[in-house]
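Got chain A; can you put chain B on it based on the hints?
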Amino acid sequence: MTALLRLADVRVDVQRAGEVIPILRGVSFDVAAGETVGLVGESGSGKTMSARAIMRLLPHGARTSGQMTFAGQDVASLDERHLRSYRRQDVAMVFQDPLAAINPVRRIGDFLTELERDGSRAERHAARERALRMLADVDITDPERVFGMFPHQLSGGMLQRCMIAAAIMHRPKLIIADEPTTALDVTTQSGVVALLDEVRREHDISMVFISHDVELVAAVCDRIVVMRAGEIVETLAANQLHSDTHRQPYTNALLSCRPDLAERKPRLSTLADFGLDGEPTVTHRPAGRLAEGGGATTAVLVKTETSSRVAAVEVSGLTKTFGGPGLLGGHGRGVTAVKDVSFELRQGSTLAVVGESGSGKTTLARMIMGLEVPSDGSISFFGARRPRRPSMADLRKQARQVQLVFQNPYRSLDPRQAIGASLDEVLRLHFDLDRGQRAARTEELLATVHLDPAVASALPSRLSGGQRQRACIARALAAAPQVLVLDEAVSALDVSVQAQVLNVLADIRDETGVSYLFVTHDLAVVRQIADDVIVMRFGEIVERGPAGEVLDSPQHEYTRRLLDSVPREGWKPGRR
Amino acid sequence: MSVLLVPRRSRKSLRVRLPAITWLALIVAVVLVLIALLAPLLAPHDPAATSVLNALQPASGAHPLGTDSSGRDLLSRLIYGSRTTLLGPLIVVGVSTVLGTALGILAAWRRGWVDAVIGRFFDLAFSFPAVLLALMFVAVLSPGLTTAALAVSVAYIPWLGRIIRASALREVNEPYVEALRIQGLRPLRICARHVVPNLAPLIIAQATTSIGFAIVDLAGISYLGLGVPDQTADWGKMVANGQGSIVRGHPQESLYAGIALVITVAAFIFLGDALTSDRDDDR
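Protein sequences appear in the order of chains A and B.
Everything in the first sequence is counted per the numbering used here, starting at 1 for the first residue and increasing by one.
Everything in the second sequence is counted per the numbering used here, starting at 1001 for the first residue and increasing by one.
Don't take each hint at face value.
[As the list claims (entries may be wrong)] For lysine to any residue, the following SDA-like pairs were computed, each having C-alpha atoms within a straight-line distance of at most 25 Å:
id, chain 1, residue 1, chain 2, residue 2
1, A, Lys-397, B, Thr-1147
2, A, Lys-397, B, Val-1172
3, A, Lys-397, B, Trp-1109
To be clear, the hints were calculated from the coordinates, so they are not data collected in a lab.
So here's chain A without its partners, still in its complex pose:
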């Protein structure tokens, strides 16, 4: 079999502040005609850089060495004119975030026929015809209408379909799909991936499919290239991913750090369990110290009385309508993000709120925290009703009971405040402690989330994503709350880091009896950590019950669809 694309010892360095940083350290793989190769790895593994190197879209100042050939031709030697035709006719790219990758002020039709815009009348007409056919090919039911629409009028899934249509417009020989479904909901992901696979087969196109999700890659690809820190760990046949007994430890770790949809694991494995170094920059403590870290929590947190019958959080008839009729009686209809939601979070238990984007789960969490004013309904903590518009004193009282951990750890810490100072500020606000006591507590809190005491003096930018999220959890714990609201708190993290954070959360719960309200779209995470679950759709609760029951025998059709869409061993994406 001849290779369509061949990378041989490709190295990429970038210079940053006078330092040469290797991004790819000798990457070699082939893609045969008609083959689909998956690149899988965590952030920083170099998978996106590999894609960019293939497209010659490397950042300014990057230096490349090694050989890269496409159909026998050296990609590095292409001049500007040939490079354009290479990108136009040979290789097409599907980007991660379609909303960011499509010019927002141009119509979908313009985006699809951009290349023929300067052509003759006949050429433009032909391009239009072909674009409409392509849109039909990617399951868009009304191509004529979509052709004239702007990107913001379409959903993420529809847009990604348009991007795939654009990618196949010029009959490329290779499609590079860089995390094409990461920005999409899980049900949409299934459809888009199935479509991509089908279109690829139909037009006989090879594909490089990049994702952080091993199971997804295994379902789509013929071969899997596992990458880590700019190097290839190993290459596996996709159908032998689970049966291969000689897998590298890192591949094993990628597979088993994930929570399992089918059953709860006693404890998630982390990279350390596979003899791999967790985070290159710091502070990962060996597993043996977990108990010690856990022991510190009791000193920090007040052990909650779980015997009490009062619910930790009680929400009743909660409704939020955005942009209703204005003050002057404008006729805005308003969007109901959350509609008549009621539930109780029992003390010491974990309640998961599951739903896709637009289900209202984040709005719900924000209302509970007082960041959004409910249109209707009530919120009570431990039997005491919180005013709809909390005052400063209410917020301060609430902070001692309920705390929030945000989705994005990169933006929820003050970038100019050291971690220790962040914790100290919260401690000073809520407790009457002297400087020494606060320093001791800061250290205890960091130990609780398994962070090194040295982290206290570091600015957030010095920490990895997982460390930052643990620092955020430590800050949330600083006020010794009895309830933690976690808004997609592990969604932005790599699987190995996610495992660490989930383990830390389980430890804290076991030690202190704190209750979690766990907002997530990831059903495997629900299985791993939740006692009860609420499934939301379009702002309403469609199903609720004990997590095990709901996941094992879902009653609502939507819950079933959610479950079917989760990539797992033996899973195949479906177009509907």
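Chain B alone, transformed into the frame defined by chain A:
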């Protein structure tokens, strides 16, 4: 104030290699400040001492840059003139930065009607040029450096305020600000301790750039005779005083003062630019 952050920032900037022009601007600015501080030691003559017999002398050993139409030593007047030339803009930048930052952040934090009122105030202040405001201030208060500087400050508030508001708007919507809010932290504290430090690079850059513009505006006001008292040495005033002598073939006074102004303004504007462009790498 935000000045506390300067050491941290400059340490960072020095680690990154600065372009030659920034170094030059920095050196010029430092030398100017030293000249202003050490004026009594550096000036060879009393800048106010007139001597009709020595009027319009060319450069000589006794008067390195010659004398003006009243026989006053030009070098000494230039040296002393640096004091008002730097002091005025310092007042302007101090007042307009503090008020502009406060109003900008207040508007961004409160939004709604507060934002609207502050926005209209900015529009209003924008519609009066600094010189026109100075005329009004002088008419109401007594003429002088402080009056002129206050007038220019008012004219600069919307300029800084708008830029700060735009950036503060983005900043106050960051999750970290929400995280602090739900701790029950007072808004004033969040703004002062978290938002301002995060905007500090922008604030410092804008303030530095506006020093340059303030020098020009204040010199213009002095030129019109609305700023410093007549006897005080001031570059803007020197340009005006020297005008009569230019036609008589003695351009020195206006020329030297003009050159001094150009160099000073350029130095501060280059510095401001360097700080602004450096800001992007900050996060």
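Now the hints, each set against the structure:
| no. | hint | result |
| --- | --- | --- |
| 1 | A:Lys-397 to B:Thr-1147 | 49 Å, violated |
| 2 | A:Lys-397 to B:Val-1172 | 23 Å, holds |
| 3 | A:Lys-397 to B:Trp-1109 | 23 Å, holds |
Going through the hint list in order, the structure does not satisfy hint 1, though it satisfies all others.
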